[in-house]
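Asker: Here are the chains, one letter per residue:
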Amino acid sequence: MPHTHPETELHNPQSTKPPLDPHLKALENEAIHIFREVAAEFERPVMLYSIGKDSSVLLHLARKAFYPGRVPFPLLHVNTGWKFAEMIAFRDEIVKRYDLDLIEHVNPRGAAESVTPFSHGSALYTDIMKTEALRQALDAGQYDAAFGGARRDEEASRAKERIYSFRTPDHRWDPRNQRPELWNVYNGMVRKGESVRAFPLSNWTEVDIWRYIQAEDIPIVPLYFAKKRPVVERDGMMILAEDQRLELLPGETKRDEVIRFRTLGCFPLTGAIRSDATSLDDIISELETATVSERQGRAIDRDQSGSMEKKKREGYF
Amino acid sequence: MTAPATANAVQEDAAGHVLAFPAADTARATRDSRPLRLITCGSVDDGKSTLIGRLLWDTKAVKEDQAATLRRDSNGKQNDLGLPDFALLLDGLQAEREQGITIDVAYRYFSTDKRSFIVADTPGHEQYTRNMATGASTADLAVLLVDARVGLLEQTRRHATIATLMGIKQFVLAVNKIDLTDYDRARFEQISHEFRELALSLGVRQVTAIPLSALKGENVVYDGRASMPWYDGPTLVEVLELATTRSAQTVGFRLPVQRVSRPGESFRGYQGTVAGGSVKPGDSVVILPSGMVANVTKIVTFDLVRNAAVAGDAITLVLDRQVDVSRGDMIVAIDSQPLTGLAFDAHIVALQPDGIQPGKRYWLKSGSRRQRVQVQPASQLDLQTGKWEHAEQLSMNAIGKIHLVFDEQAIFDPYEQNRTTGAFILIDPDTNNTVAGGMITAKRSALGGIHTEDARVILSLPADLADQLMATELFAGRREDAEVRRVSAGKASEIIDTIDG
Ligand SMILES: Nc1nc2c(ncn2[C@@H]2O[C@H](COP(=O)(O)OP(=O)(O)O)[C@@H](O)[C@H]2O)c(=O)[nH]1
Ligand SMILES: [Mg+2]
Numbered sequence: 001m002p003h004t005h006p007e008t009e010l011h012n013p014q015s016t017k018p019p020l021d022p023h024l025k026a027l028e029n030e031a032i033h034i035f036r037e038v039a040a041e042f043e044r045p046v047m048l049y050s051i052g053k054d055s056s057v058l059l060h061l062a063r064k065a066f067y068p069g070r071v072p073f074p075l076l077h078v079n080t081g082w083k084f085a086e087m088i089a090f091r092d093e094i095v096k097r098y099d100l101d102l103i104e105h106v107n108p109r110g111a112a113e114s115v116t117p118f119s120h121g122s123a124l125y126t127d128i129m130k131t132e133a134l135r136q137a138l139d140a141g142q143y144d145a146a147f148g149g150a151r152r153d154e155e156a157s158r159a160k161e162r163i164y165s166f167r168t169p170d171h172r173w174d175p176r177n178q179r180p181e182l183w184n185v186y187n188g189m190v191r192k193g194e195s196v197r198a199f200p201l202s203n204w205t206e207v208d209i210w211r212y213i214q215a216e217d218i219p220i221v222p223l224y225f226a227k228k229r230p231v232v233e234r235d236g237m238m239i240l241a242e243d244q245r246l247e248l249l250p251g252e253t254k255r256d257e258v259i260r261f262r263t264l265g266c267f268p269l270t271g272a273i274r275s276d277a278t279s280l281d282d283i284i285s286e287l288e289t290a291t292v293s294e295r296q297g298r299a300i301d302r303d304q305s306g307s308m309e310k311k312k313r314e315g316y317f
Numbered sequence: 001m002t003a004p005a006t007a008n009a010v011q012e013d014a015a016g017h018v019l020a021f022p023a024a025d026t027a028r029a030t031r032d033s034r035p036l037r038l039i040t041c042g043s044v045d046d047g048k049s050t051l052i053g054r055l056l057w058d059t060k061a062v063k064e065d066q067a068a069t070l071r072r073d074s075n076g077k078q079n080d081l082g083l084p085d086f087a088l089l090l091d092g093l094q095a096e097r098e099q100g101i102t103i104d105v106a107y108r109y110f111s112t113d114k115r116s117f118i119v120a121d122t123p124g125h126e127q128y129t130r131n132m133a134t135g136a137s138t139a140d141l142a143v144l145l146v147d148a149r150v151g152l153l154e155q156t157r158r159h160a161t162i163a164t165l166m167g168i169k170q171f172v173l174a175v176n177k178i179d180l181t182d183y184d185r186a187r188f189e190q191i192s193h194e195f196r197e198l199a200l201s202l203g204v205r206q207v208t209a210i211p212l213s214a215l216k217g218e219n220v221v222y223d224g225r226a227s228m229p230w231y232d233g234p235t236l237v238e239v240l241e242l243a244t245t246r247s248a249q250t251v252g253f254r255l256p257v258q259r260v261s262r263p264g265e266s267f268r269g270y271q272g273t274v275a276g277g278s279v280k281p282g283d284s285v286v287i288l289p290s291g292m293v294a295n296v297t298k299i300v301t302f303d304l305v306r307n308a309a310v311a312g313d314a315i316t317l318v319l320d321r322q323v324d325v326s327r328g329d330m331i332v333a334i335d336s337q338p339l340t341g342l343a344f345d346a347h348i349v350a351l352q353p354d355g356i357q358p359g360k361r362y363w364l365k366s367g368s369r370r371q372r373v374q375v376q377p378a379s380q381l382d383l384q385t386g387k388w389e390h391a392e393q394l395s396m397n398a399i400g401k402i403h404l405v406f407d408e409q410a411i412f413d414p415y416e417q418n419r420t421t422g423a424f425i426l427i428d429p430d431t432n433n434t435v436a437g438g439m440i441t442a443k444r445s446a447l448g449g450i451h452t453e454d455a456r457v458i459l460s461l462p463a464d465l466a467d468q469l470m471a472t473e474l475f476a477g478r479r480e481d482a483e484v485r486r487v488s489a490g491k492a493s494e495i496i497d498t499i500d501g
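Order-wise, the sequence lines are chains E and W. First residue of the first sequence: 1, per the UniProt record's numbering; consecutive thereafter. First residue of the second sequence: 1, per the UniProt record's numbering; consecutive thereafter.
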């Protein structure tokens, strides 16, 4: 299949990697445009960094957008204390390698009131340790813009969201009264206390993310690749059984399975999939024949349909 | 992708559980071009959401767990084919599900083995026209739905007009629910004919009319030959696969400066997305509005120093001399400059309940440039007659012509020529909300308050040339401003002689 790469990128002697195809190039250009626009228009931007594949792509695009300068805003990691250990190790390595400013926030109520996914149930736990924690962190930093890696193809209410998603001072999203957003002209005018969430990856699909990770050689957490790992079956999900804090319930047994994760979050709430995909090529071909969506492995999204919208109205990303 | 419409049927058991899915044979879309962006529009209940749901379903963009959710949410609300309510795939907001309508635009993604698509499902209610305009602003193609039983409505006219104003040149007329007319060919042809007339009056020449049933999936992805042997045209997806994406590469170079990058003493670069034309090292450029001239030394990106950049590329430009450039300025080709001035004419769509008030000062944002502007409505489009009527102010959802007067130099291209540098939004300084989307039509010379609005020019042209001129979109947009008399060459020179005295 002959590719119609812009002539400009052909035969560049300094380029070692093959140019992006026009589809990914268009998505990259759009994302970089959004990064620059927000960085220029807002006083205190921050980037939500969740360590997953979308965050990895988001970070890569931020570095591209501001090159040769540094990324001109900090990264915010809202930690619940229940992330996969490999995620935290990866995060620290990336922050060092790319010379980034990282802010980590954990809701103090977690420790004070012993809020865990086991004791409080996934809905309440998410509400306190993610939504409330995020609001605390955004208020503390007085950020007027927060980048997120959400994509419209993830979920039906996200499909409705603007690229600049306006939030009231108490972080609420009013889906019925969103500002019109025409062309790529973004309205960044907010009053004190108000803010926007900005989504540079709005128009990316899951396959686009993986193809871009491959094309750009972006580092990701190894949990995305298949390997033999200890798991336990719970609530119809396979949960990673590595963390000391995971107590086996009566009738549960640990066993080894060759698995990987399609999304990463809190280990007790994230289901693994059986897979032999050990390379990006494998992942992409697995995805292209997949018959279930990526959110299926997430307990918090399955509660009820419309639950994402509800969480978003309350300030969840 | 042609196969009988039944080939895509989902097998399921009596309880509605999915037993077998259409084979997941979605091949990798070739990524030879950027995704085609399209909107569906039309009146309420014409089947827009159902059509997109059907497109997603038949191109296998719906996954099993989503289908299961869909089935659960349909709550027995199935059609006679035992298929779920596809609209629920799109109407993702609680309020939309409760009311069974589309309130806000939803963006969805699907691909065939030829190409990938971004589709915006827009609301049909007049009250939500702003969300339709939002979807139209970036679209390459519009799918306009009409209910075969009902025919064209005012909303069809409104949407076709907004889509045209927003620069969409390719239309598909989807004559939907054709199953409910017993696949009536005469009906289809009558509606297509009516629409072609409307399209012509708007200056649109690329129209494909397709009889289809979104619900049954006939002529959407799979052909409907079994029910409509009389139709041998393309399916919707076939039209979409062949449609063209637009780019602004053939016009003059434009770089709206988003930010100035100064990581250290030695580097100073201007960051932005090329909004038109192309640029390479050595090119001479002008910085607007200052008018200073410089040469391009380098085009910097993360990966490599490039030897050229084209419209759409996000770049960092380095110039050969110290010049004063800041956010909101535009770096442009020296030999093909945009219009600069204090007064412009534009088309707008009013998007908020307060409409557009005469003489009010708004913020105008175009590209990365934001400035104060005073807005004077001039006329409003009457959708019934297609004529522009004088107007002092514009109410919500009105399509109007306005005059813009700036305190400081503004920089635009006509929207016709450049969909980026000719577009703007108006922001109400009292609410900070976006109150209008606008498209520049021309620059005005507003010297000393003398308006050239009434100026008239008499041209004497050969008839064939005049016909060509009148067939242009520019002319179609301003038909009512022009007076055309056909006279013999002799008569013409007589008239002109008397004017010249
Ligand atoms: N018989 C039939 N019904 C249809 C067709 N397309 C849509 N409908 C029905 O028309 C109604 C309105 O459809 P919807 O997609 O919500 O319309 P929208 O308001 O334009 O988004 C729903 O009940 C659909 O099932 C079709 O091709 N044939
Ligand atoms: Mg609808």
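Any given hint might turn out to be false.
Here are some, though not all, of the chain W residues that point toward chain E, as calculated from beta-carbon distances under 10 Å [unchecked claim]: (1) D121; (2) A136; (3) V150; (4) G151; (5) L180; (6) Y183; (7) P289; (8) G291; (9) A294; (10) N295; (11) T297; (12) R321; (13) S368; (14) V435; (15) G437.
25 Å max Cα-Cα, derived PhoX-like pairs, lysine-lysine [claimed, not checked]: (16) K25/E / K114/W; (17) K64/E / K114/W; (18) K192/E / K360/W; (19) K17/E / K360/W; (20) K360/W / K280/W; (21) K443/W / K64/E; (22) K298/W / K25/E; (23) K17/E / K443/W; (24) K443/W / K25/E.
Computed footprint of chain E on chain W; a stretch qualifies when at least three of its residues, placed anywhere within it, have a C-beta under 8 Å from a C-beta of chain E [said to hold, decoys possible]: (25) 202 to 213; (26) 264 to 274; (27) 337 to 347; (28) 355 to 366.
Everything labelled a hint here was simulated from the structure, so no lab data went into it. Glycine residues also receive a C-beta, built at the ideal position from the N, C-alpha and C atoms.
Asker: Looking back at the hints listed earlier, which ones does the structure fail to meet?
Answerer: 3, 4, 5, 6, 7, 8, 9, 10, 11, 12, 17, 19, 20, 21, 23, 24, 25 and 27
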